[in-house]
Amino acid sequence: MNFAHGGLFTAGAYAGWLAYSRTNSYVFGILSALVVVFVLGIVVERVLIRHYYARPKEDQILVTFGLGIVLVETVRALFSGQTKLVPTPDWATGAVQLADLVYPQYRIDVVGIVALTLLVVWIIIFKTRLGLIVRAGIDDSLIVEMLGIDIGRAFMLVFALGAAVAGLAGFVDAPILAVNPDMGTSVLVQSFVVIVIGGVGSFGGAIVGGLVAGEIVSLTSVFAPDWAQAALYIAMALVLILRPQGLLGVVGRS
Amino acid sequence: MILRPVGDRTGWWIEGALALFLVVFPALLALCGVGTDLGTRILILGLFGIGVDLLFGYTGLLSFGQAAFYGTGGFVTAHLLVTHVIPNSLGALAIGTLVAALFGALIGSLALRQVGLYFAMLTLAFGQLFYFVENSPLRAYTGSENGLPGVPKPSLWLGGTTIDFSSSVGTYVFVAVIYFVGFFIARRIVRSPFGAVLRAIRENPERAQAVGHLVSRYKLVAFTIAAAYGGLAGGLLGMFQGYMPPEAFSIDQSGEIIVMTVIGGPGTLIGPLVGAAVWTFLRQGLQDVDVIAGIWKLILGLIFILLITFFRRGLVGGAVSLWQRVRAAR
Amino acid sequence: MSAMLEVRDLTKRFGGLTAVDGVSLTIEAGTITALIGPNGAGKSTFFKLLAGEIAPTSGDISFKGERITGYGVTRTCQLGIGKSHQITQIFPSLNVTENLMIPALAARRGAFRGDMFGSMRRVDGLAALVEGTLAAVGLADRAGMRAGDLAYGEKRRLEIGLALATEPELLLLDEPAAGMSPSETTETVALIQHLRTRVTIVIVEHDMDVVFGLADHIMVMQNGATIAYGTPAEIRADERVREAYLGGTDE
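Chains as they are written, first to last, in our numbering: chain A, 6 to 259; chain B, 197 to 526; chain C, 3 to 253.
Simulated from the structure, these hints should not be mistaken for laboratory data. Be a bit skeptical, because a hint or two may be false.
To be verified - Listed next, the in silico SDA-like pairs over lysine to any residue satisfying Cα-Cα at most 20 Å (straight line): (1) LYS62/A x GLY312/B; (2) LYS62/A x PHE506/B; (3) LYS89/A x LEU182/A; (4) LYS62/A x GLN91/C; (5) LYS62/A x ARG509/B; (6) LYS62/A x ARG508/B; (7) LYS62/A x GLU402/B; (8) LYS62/A x LEU308/B; (9) LYS66/C x ASP11/C; (10) LYS132/A x VAL149/A; (11) LYS62/A x PHE507/B; (12) LYS157/C x GLU402/B; (13) LYS157/C x GLN88/C; (14) LYS62/A x SER412/B; (15) LYS132/A x ASP155/A; (16) LYS62/A x THR505/B; (17) LYS349/B x ASN284/B; (18) LYS132/A x LEU121/A; (19) LYS349/B x LEU234/B; (20) LYS89/A x GLY490/B; (21) LYS157/C x ASP143/C.
Next up, chain A with everything else stripped away, as it sits in the complex:
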């Protein structure tokens, strides 16, 4: 959870675009996005983030926020502010008929990619030793260290993993969104809203939140288009008033 999320998303989109535009391979694009942002995550964690674990939450937020700005501006400096195009890959163009609805093929594929990614991440966090270390470390890092486990390395890997996922999302989203330096901002905020709606501190909550959020925006686009964007935030406010821990959230995790 950090404010550089949007910047990593953007970096991933550009890394993927760079690879895709050179090789015309969607797969290379994905690999590029994953690897580049993963490495970026490692570097950032080593150089900057790890000095902040002992500092107050607000400082952590500020530094990741600053990082987000630096990432976006670096991208802008390297690639100019012009929108880059990432076309939908050939195997995913066209549309699919689902009952009465005609739905773009690519978007369905995105759902698949997202589901696969979520599964991988879930496995890593809940089924591997690394994930266990990190989950324990969030609860009580001192004890984990005392058990002789290198928690620093674990945190670093998980940070880089989170970054890589953001980067992947950036490239996967590229055919749908326009690739430009400012693409990450709205994603950053929307991801926060999803967490609030779905539930603070809950993996399943993030998924549910995402689905609910998507539905809210879609439905209001149809019935009250003016309010489509705002509706998401109104829903968030409602959740806060009526059920502050979110739909699937755990009470008391602030």
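Got chain A sorted already, so can you dock chains B and C onto it with the hints?
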């Protein structure tokens, strides 16, 4: 035993120094080959920042949605003036500020249900809510992407006569006086018992709660005050530009004021003014240098990260620390 | 003498764990009660319940005849129960005087007052309370020092001072002598003796010399429940207590 204000060892000379500075600022700007308008813009941002500093520097609440109040105050004031509902400059400002404060209380009561990271996220999201509502459903009132043009320059109605502040210097004076009053009030607040509790909340909110303070209400009041400052600054922006821009609600604006406050120095009240000056001059200055024109924001971002990491107290805070160390060494 | 504090059947469960199990206790005004027991006996949790930091699963707490169960930490403190913590929780970047001003402001102004334009001078009795507390905990000569820079023993005294400056009628001291040298411990004991004329005290301690030297009554806890209650002499002679400390193994 004389009990001094908590965390504050300065006296009234700060206000005096500020007054002096405000008077010579236009001259200083002229020396740099820059117009008075730039100074006015810096003051407006500085005023916005006073609220943010009270919220973050003193109470420890990091909000990324303050633009919501900047925009709200700005548009309410602008609208009242443009439609001649309240043709009075100060009157319109007062109402814009009040409306912003009311929204501050409303949003605060919701966002403050969380702390730390989730509070910051919520303020970010609420900021976006205001932006989208302003942009779409309310576009009849706000002009949507085009903003609200035709906002009259400030004027002061004194019974028989009206003092016109429409010139560059005139607007500067109008804004500077309001800035000074805003600063003065903020100083009173931080030196009061109320201010002492805010400081305690920043340091150790659980202990402040445990020794008998109703922390949630203090936080809410601080949030409301910050919203009021934002609204006042927004109102001034509209008058200054003759036009109220929708960017005032933007997420970038919320981020910028945080950057300015942190660079200048949180917990100093004057920090945001310094930060705004640095931001504005760097932007102006770097854009003239061809080679690095496009990366002024990148440079500022790097400065921002450097400062948080090594000089957490910002430019002003760092200078104050240095001064104190020099004095102690004597 | 009416009972200052009455605890009835207080229970706290955390999921499957019963940290406090049906504890009842009566505390008379002007006394010093010590709470002892092996680690994990539930003493800290019990203290948290008394201070209002957590709410009980069942049972009641009454303070001066008023039912305060579930009141929360701020309200409990305002009613007159102050707590000094086992882990020092001060305001590190404020100086000692300022640290003491914070609870004093709550004691003299109430839980909230919007006095944004007020001044310290106009808070009734603030200076006297701060000065008195500084003297009581022996930190008058450190008044201007940054709290984060104090020596450990001094920080512990400030910790007690913070609780004291809330003008409590009942003072909860959670291991006040934790981590102290013998001389510091003696000073702390003297401090507590001094305080007994002003406040009713409940103290959690592991140092038996301190406990037996100070307490009028001792309550012994084990596995969340009370296993003995009485005067120091009675407790010293109690078989169950001996077992708990010497023979018992953790479950």
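To see whether the hints hold, each was checked on the structure:
| no. | hint | result |
| --- | --- | --- |
| 1 | LYS62/A x GLY312/B | holds, 6 Å |
| 2 | LYS62/A x PHE506/B | holds, 16 Å |
| 3 | LYS89/A x LEU182/A | holds, 10 Å |
| 4 | LYS62/A x GLN91/C | holds, 18 Å |
| 5 | LYS62/A x ARG509/B | holds, 16 Å |
| 6 | LYS62/A x ARG508/B | holds, 14 Å |
| 7 | LYS62/A x GLU402/B | holds, 15 Å |
| 8 | LYS62/A x LEU308/B | holds, 15 Å |
| 9 | LYS66/C x ASP11/C | holds, 17 Å |
| 10 | LYS132/A x VAL149/A | holds, 18 Å |
| 11 | LYS62/A x PHE507/B | holds, 17 Å |
| 12 | LYS157/C x GLU402/B | holds, 17 Å |
| 13 | LYS157/C x GLN88/C | holds, 12 Å |
| 14 | LYS62/A x SER412/B | holds, 19 Å |
| 15 | LYS132/A x ASP155/A | holds, 18 Å |
| 16 | LYS62/A x THR505/B | holds, 13 Å |
| 17 | LYS349/B x ASN284/B | holds, 11 Å |
| 18 | LYS132/A x LEU121/A | holds, 15 Å |
| 19 | LYS349/B x LEU234/B | holds, 16 Å |
| 20 | LYS89/A x GLY490/B | holds, 18 Å |
| 21 | LYS157/C x ASP143/C | holds, 14 Å |
Hint check: no violations occur; every hint is consistent with the structure.
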